[in-house]
Amino acid sequence: MALSSFDIDAPRWDQSTFMGRLKHFFNITDCRTALLPDSRLDEAKALVESCRAGSVPPGTTVEQLHYAKKLYDSAFHPDTGDRMNLIGRMSFQVPGGMAITGFMLQFYRTVPAVVFWQWVNQSFNALVNYTNRNAASPITPKQIGVAYVTATSTALATAVGLNLYTKKAPPLVARWVPFVAVAAANCVNIPMMRQQEILNGIAVTDENGNKLGHSTKAAVKGITQVVVSRITMAAPGMIVLPIIMQRLEKYKFMQVRPEDRAKKLHIHYLLPLYILSKMKSQ
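Mapping to our numbering: the sequence shown position 146 is 146, numbers consecutive.
Just so you know, the hints here were simulated from the structure itself, not pulled from any lab data. Hints should not be assumed to be uniformly reliable.
[To be verified] Derived DMTMM-like pairs (lysine to aspartate or glutamate); straight-line CA-CA distance at most 25 Å:
(1) K23 - D79
(2) K142 - D79
(3) K23 - D9
(4) K70 - D82
(5) K211 - D42
(6) K217 - D206
(7) K211 - D82
(8) K217 - E207
(9) K70 - D30
(10) K142 - D82
(11) K70 - D38
(12) K167 - D42
(13) K23 - E43
(14) K70 - D7
(15) K45 - D14
(16) K70 - E49
(17) K211 - D9
(18) K221 - D14
(19) K221 - D206
(20) K45 - D82
(21) K211 - D38
(22) K45 - D7
(23) K23 - D7
(24) K23 - D42
(25) K168 - D79
(26) K23 - D73
(27) K23 - E207
[What the hints assert, rightly or not] Pair by pair, the computed Cβ-Cβ distance ranges are:
(28) Q15 - E49: 21 to 31 Å
(29) F116 - A218: 31 to 41 Å
(30) F26 - T216: 30 to 40 Å
(31) H66 - A113: 37 to 47 Å
(32) A46 - K221: 30 to 40 Å
(33) P236 - A169: 21 to 31 Å
(34) A10 - R83: 17 to 27 Å
Glycine is no exception: its CB is placed at the ideal position from the N, C-alpha and C atoms.
Work out the full structure, taking the sequences as your base and the hints as a guide.
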């Protein structure tokens with residue numbers, strides 16, 4: 001195949017199958033790409049743009065083109081082509097989200113700790129949502145501020161309220177409070193950040209890319225799916241890990257002195273990473 005005719009935007013894997021979509025998203029969320037310098041990402045962007053223009057540098061291989069597209073998809077906004085900030089990239093979600101989740105699951109006993117880590121989490125989510133916003137539906141700074149304050153307030157009110165309410169409940173119930181707070185905040189944050197799409201609709205095109213008009217129904221459906229997927233993605237770590245930790249704490253090696261409590265925190269965010277690495281190695 002002549003590389004000049006290589007379609008770099010064509011899916012590498014069949015997107016009509018679950019495994020094809022899974023490979024695609026594992027590819028663009030590879031956290032190793034977050035460690036690369038901007039100069040390397042800019043080189044990948046230049047190669048992708050050259051391929052789109054039908055001018056591939058001599059000696060370039062298909063594998064190099066696939067890797068360049070991987071870096072491009074991981075770091076550049078699909079609508080604007082601008083390089084996204086590191087924290088907002090999908091490739092940063094595994095290490096960033098995992099660390100914050102670990103802290104929320106560990107520091108849930110006191111109100112100040114709950115307030116601080118819920119604020120950190122919502123700030124992180126707001127930045128991710130803004131970074132990956134639909135450029136075709138611009139949002140004003142005022143709308144961004146209202147969405148951020150509303151989501152953060154919802155998370156804090158839910159977390160603090162449930163934290164106080166579950167003081168006499170079994171310890172496991174209290175450990176699930178962060179998940180409920182995160183779920184409640186997602187139900188507010190995402191629709192608020194993408195309110196322009198709900199109000200004005202999103203562009204609808206045919207199979208050839210021809211614009212047919214705008215649809216508010218498609219926007220509501222899409223945003224609803226995003227909310228559900230965000231909550232579903234948080235569920236395994238924030239529901240299952242507390243159960244594991246609750247059982248582990250019955251063993252002597254987990255019954256540490258207060259000054260050694262930080263050691264327990266490692267389990268919260270290293271365990272998901274260990275499981276993920278095992279899944280990728282199979």
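Results of checking the hints against the structure:
1. A hinted pair counts as satisfied when its Cα atoms are at most 25 Å apart, and K23 with D79 qualifies at roughly 22 Å.
2. Using a Cα cut-off of 25 Å, the hinted pair K142 and D79 holds, with the two alpha carbons roughly 22 Å apart.
3. For the hint pairing K23 with D9, the CA-to-CA distance comes to about 16 Å; that is within 25 Å, so the pair holds.
4. Straight-line distance between C-alpha atoms of K70 and D82 comes to about 15 Å, which keeps the hinted pair within the 25 Å bound.
5. A distance of roughly 31 Å separates the Cα atoms of K211 and D42; the hinted pair therefore is violated under the 25 Å criterion.
6. Restraint check for K217 and D206: the C-alpha separation of about 16 Å stays at or below 25 Å, so the hint holds.
7. Annotation: proposed proximity of K211 to D82 holds, straight-line Cα distance about 23 Å (limit 25 Å).
8. In summary, the hint linking K217 to E207 is supported, as the alpha carbons are separated by about 19 Å, within the 25 Å threshold.
9. A distance of roughly 9 Å separates the Cα atoms of K70 and D30; the hinted pair therefore holds under the 25 Å criterion.
10. Of the supplied pair hints, the one linking K142 and D82 holds, its CA atoms being roughly 22 Å apart against a limit of 25 Å.
11. Using a Cα cut-off of 25 Å, the hinted pair K70 and D38 holds, with the two alpha carbons roughly 14 Å apart.
12. With a C-alpha separation of about 52 Å, the suggested pair K167 and D42 falls outside the 25 Å cut-off, and the hint is violated.
13. Restraint check for K23 and E43: the C-alpha separation of about 24 Å stays at or below 25 Å, so the hint holds.
14. For the given pair, K70 sits about 14 Å from D7 by alpha-carbon distance, which is consistent with the 25 Å threshold.
15. This hinted pair checks out: K45 and D14 have alpha carbons roughly 23 Å apart, not beyond 25 Å.
16. A hinted pair counts as satisfied when its Cα atoms are at most 25 Å apart, and K70 with E49 qualifies at roughly 13 Å.
17. As the CA atoms of K211 and D9 are separated by approximately 19 Å, the hinted pair is consistent with the 25 Å bound.
18. With a C-alpha separation of about 24 Å, the suggested pair K221 and D14 falls inside the 25 Å cut-off, and the hint holds.
19. Simply put, K221 and D206 have alpha-carbon atoms about 18 Å apart, close enough for the 25 Å limit, and the pair holds.
20. Proximity of K45 to D82 is assessed by CA-CA distance (about 10 Å); at most 25 Å being required, the pair is judged to hold.
21. The suggested pairing of K211 with D38 is violated, with an alpha-carbon distance near 34 Å, which exceeds 25 Å.
22. With a C-alpha separation of about 15 Å, the suggested pair K45 and D7 falls inside the 25 Å cut-off, and the hint holds.
23. Annotation: proposed proximity of K23 to D7 holds, straight-line Cα distance about 19 Å (limit 25 Å).
24. A C-alpha spacing of about 24 Å is found between K23 and D42, which places the hinted pair at or below 25 Å, so the restraint holds.
25. For the hint linking K168 to D79, the alpha-carbon distance of about 50 Å lies beyond 25 Å, and the restraint is violated.
26. A hinted pair counts as satisfied when its Cα atoms are at most 25 Å apart, and K23 with D73 qualifies at roughly 14 Å.
27. Between K23 and E207, the direct Cα distance comes to roughly 23 Å. Compliance with the 25 Å bound is thereby established for this hinted pair.
28. Between Q15 and E49 the beta carbons are some 23 Å apart, a value that agrees with the proposed interval 21 to 31 Å.
29. At roughly 38 Å, the beta-carbon separation of F116 and A218 lies within the given 31 to 41 Å, and the hint holds.
30. Distance hint check: the CB atoms of F26 and T216 are about 33 Å apart, consistent with the given range 30 to 40 Å.
31. Separated by about 44 Å at the C-beta atoms, H66 and A113 satisfy the suggested range of 37 to 47 Å.
32. The given range of 30 to 40 Å is respected by A46 and K221, whose C-beta atoms sit roughly 37 Å from each other.
33. For the pair P236 and A169, the beta carbons lie near 22 Å from each other, so the given range of 21 to 31 Å is met.
34. The given range of 17 to 27 Å is respected by A10 and R83, whose C-beta atoms sit roughly 23 Å from each other.
The structure does not agree with the numbered hints 5, 12, 21, 25 stated previously, though it agrees with the rest.
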